[in-house]
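Asker: Required output: the full structure, derived from the provided sequences and hints.
Residue numbers for the sequence shown follow my numbering, beginning at 3 and rising by one.
It should be emphasised that the hints constitute simulated quantities derived from the structure, not laboratory data. Do not rely on the hints blindly, as some may be mistaken.
Stated by the list, open to error - Taking lysine-lysine pairs in the DSSO-like style, the calculated list, with each CA pair at most 30 Å apart, reads:
| # | residue 1 | residue 2 |
| --- | --- | --- |
| 1 | 542 | 632 |
| 2 | 552 | 567 |
| 3 | 217 | 742 |
| 4 | 567 | 627 |
| 5 | 627 | 552 |
| 6 | 774 | 680 |
| 7 | 542 | 627 |
| 8 | 567 | 155 |
| 9 | 742 | 680 |
| 10 | 784 | 742 |
| 11 | 784 | 680 |
| 12 | 542 | 552 |
| 13 | 742 | 774 |
| 14 | 567 | 542 |
Unchecked claim - Label-pair ranges, simulated between beta-carbon atoms:
| # | residue 1 | residue 2 | range |
| --- | --- | --- | --- |
| 15 | 281 | 51 | 13 to 23 Å |
| 16 | 633 | 554 | 34 to 44 Å |
| 17 | 560 | 116 | 48 to 58 Å |
| 18 | 211 | 587 | 31 to 41 Å |
Where is the CB? At the ideal position from N, CA and C, for every residue including glycine.
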Amino acid sequence: MAISTRLNRKLFVYGWPVAVTFVLGMLLTVYLTQRISDAEHRLAQSRFAQVAQHRIQLVDAMLYRQLWEVDALRRFLTLEPELDRRRFQTLVRLPERIRMAAAWVENVPRSSLDDFLARMTEEYGPSYRLQPPPDAPGSADPVLRLYPVSYLKASPEHRDLTGLDVGRLPGHPAAFDQALASGQTVLLPLEPEASRPAASLVLIAPVFRYGTGTKVIDRHFGNLRGFIYFQLDLASLLQSVAIWPKGRLETPADSDHSVRMLMTAITNDGTTSRPLYSPPDFEQLPGLNYSLELTLADRLFRLTTYPEHPQRWHDRSVPMMMFAGGTLGATLIAGYLALLLFQRHRSELRVSRHTRELEEANAYRASLLASAVDVAVIATDRDGVITLFSTGAERLLGYRSDEVVGHKTPMDFHDPDDLRHWQHTLASRLQHPVAQQEVYTAAIEAGLQRSQHWIYRHRNGEQRQVQLTLATIRDDNDEALGQLSVGVDITDYIEAMEALQRSDHLLHDLSAEVPGVIFQFLLRADETSCFTFISESVLKLFEVTADEAKNNVRALFCRLHPDDKEQVYADIRRSQQHLTPWVSEFRVQLPQQGIRWLRGESPPRRLSDGATVWNGYISDITALKDLEFKLREQATIDPLTQTFNRRHLSNQWPQAMARYRRTGVPLSMIMLDIDHFKRVNDHYGHDAGDEVLIRLSHLLTRAVRNTDTVYRLGGEEFVVMCEDTPLSGANTLARSLSEKVRNSPMPFVEQITASFGVTEVRPNETLDAAFKRLDNLLYRAKRSGRDRVVSSQNGAQLATRDDPGR
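Answerer: Right under this line is the structure:
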């Protein structure tokens, strides 16, 4: 009974502090678990918003790129009067991962339908047919104007639209009218239908004849050549961004999380229509989502992003680990407290056990010192005389232990000059003189006892660089018994570091003189990458410091122009796969310098671990690119009249002759020269003469057909190439041009006239031969009184102003 009572008393005395400690620990654990769970939820919201915003920005960039492609193609077609199927296929570029189609839709009046069909038969053969839309409403009266697809470039799985009259598709007439009226690109969203199960976006851009004015009255069906028609499949666009592609050099932090995207159109009053695109089997649930409004052409859209797997964004492991750890911690603390309370009577046994362990440790330390041949351990007594000289010290200094112990002090092994340097340094630091035997004590007092650089002198006189650590040996009463020094020979290490520094300085000096960036780029097998070396000149070319580029590859790759980024990645991937040199010309967008052109060259090398390393060079070629663009423009465009020049005519002549031989349809040329143009310059000045040339070029461009081309040969001399035109048609056109020149208003009161030479090109005739015949005809027009049209028909019959056939 007494034993039971004593046991219950001990349980009560020692048990209640343990219980209270455990309860308080559990309450704190529950509180911290709840706070961590709330923080994890907020973090998931923030992380998903970053990933979703990045994906939406990718969609916006892709849509903007396609709009840019449409504008670029429209500008080119405005200046290019002749377009064929091969040229269109060359001009249009389609992304690989998105289903889309780019088409040239011509404005074909009903009266010109036969000519259009004949031209398409030449391009496609007899298989070309007009395709009325399957769901177009029937009408007894034929339409006055058709909009068939002339040329098409589409993804392999896209529907073939060649020959389809898209002007009769639902919603298209209004879109075509809007594009014609505004003169800008119009966006037409197409919702899913039976014939088209996937929603798509259509970009419609009007193309007018060259020289059409910017006023509303100038934009009419007579000047309209057609429409550029881009149809983009929403499913392939959004799915290509929702699931991040593998093998990219840079990926977002959460690239393993796929998302789902929902696109809806926003009307002019701010309301949203039913979704244009929603993922398959999609169920909109509350929780993580992110929305952003995008503008494309004249439309506004809202793109909402949801996580594919919402549960992956909520990491429950940390709160659970916190709860488990807190529970375990509270249990351990309570158990430890119980252990302390119930084992107080065993403290003396523990002390005795620790004493025995300390003795064993001392024995182990002695054996360890004896075996440490690379570490010099020297101990002294109160007077500084050596009492311990380890095997490592013997090897470092060349003395035996029995020669040193009891006879020498550590100061006997220091280099005298280095010792005096330490005396001076410590005296300045402690503000009192330091004797030679007190150097170790002063160093410990000044806080320089750990890993300081000292110089020892070997027995043979050789200096050894030593990293020395000092300590004071004390007894249980904190009385100093002596000093302990532990030294490591770092002579070889210092020599190697100095050689390496010299090599680094040499490499830095050499790379600083090179007018470009020298780099070493490493792409590991796990697709991570880094710059192991990059010269300081990267700051000039990329406006990124060398340290920033080494620490974060994205800091440099983010400078790449969005239109060139994919090509640079593809070039790097191709070089990695085939081990061929990486050569790439690309643009960068810099905060200070703007857009610059760079060229990179680097041969790859495969490492044993599967990684690939490139050693290469990047230079600035902006000046060369600017010169190239200027020369290309100057080579084909007359700077004053903005018409094509003789060089462009020489380039187009082989194609025109090949078409002539292939089709057998005649090709004619008209050469005209302004009469008495020198009088205009002499009487009214060269500014008035330039204005006459500009007005004449505009008159010619507007008066000829869209298949005809106007060239300025130089001075006041122009040539009109009339493809698919016999001599009689060219004569008619020349007489019409002569009348319009005569009646055209000029920047002075007098009227101007022009002399014309007209001829039909002979098969296999050279351009010089045709020009020679035209010069002779033009000379005859000048000699016969000017303001004349002279052609090679009927023995060079002369046509005057009074010719009744005009």
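Asker: So, for every hint listed, does it hold in this structure?
Answerer: Now for the hints, and whether the structure bears them out:
1. Pair hint residue 542 plus residue 632 holds up; C-alpha atoms about 25 Å apart against a cutoff of 30 Å.
2. For the hint linking residue 552 to residue 567, the alpha-carbon distance of about 20 Å falls within 30 Å, and the restraint holds.
3. Taking the CA atoms of residue 217 and residue 742, the gap is near 23 Å; set against the 30 Å cutoff, the hint holds.
4. For a cut-off of 30 Å, the pair hint linking residue 567 to residue 627 stands: about 18 Å separates their Cα positions.
5. Distance hint between residue 627 and residue 552 is fulfilled; the C-alpha atoms sit about 29 Å from each other, no more than 30 Å.
6. Taking the CA atoms of residue 774 and residue 680, the gap is near 23 Å; set against the 30 Å cutoff, the hint holds.
7. For the proposed pair residue 542 and residue 627, the alpha carbon gap of about 18 Å is at most 30 Å, so the pair holds.
8. A hinted pair counts as satisfied when its Cα atoms are at most 30 Å apart, and residue 567 with residue 155 qualifies at roughly 24 Å.
9. For a cut-off of 30 Å, the pair hint linking residue 742 to residue 680 stands: about 21 Å separates their Cα positions.
10. A hinted pair counts as satisfied when its Cα atoms are at most 30 Å apart, and residue 784 with residue 742 qualifies at roughly 19 Å.
11. At roughly 14 Å between alpha-carbon atoms, residue 784 and residue 680 fall within 30 Å of each other, so this suggested pair holds.
12. At roughly 16 Å between alpha-carbon atoms, residue 542 and residue 552 fall within 30 Å of each other, so this suggested pair holds.
13. Pair hint residue 742 plus residue 774 holds up; C-alpha atoms about 26 Å apart against a cutoff of 30 Å.
14. For the hint linking residue 567 to residue 542, the alpha-carbon distance of about 20 Å falls within 30 Å, and the restraint holds.
15. Here the CB-CB span from residue 281 to residue 51 is close to 19 Å, well matched to the stated 13 to 23 Å.
16. Residue 633 and residue 554 have their C-beta atoms about 39 Å apart, which keeps the hinted 34 to 44 Å range intact.
17. Between residue 560 and residue 116 the beta carbons are some 56 Å apart, a value that agrees with the proposed interval 48 to 58 Å.
18. Between residue 211 and residue 587 the beta carbons are some 35 Å apart, a value that agrees with the proposed interval 31 to 41 Å.
Figure legend: structure checked against the earlier numbered hints; every hint is met.
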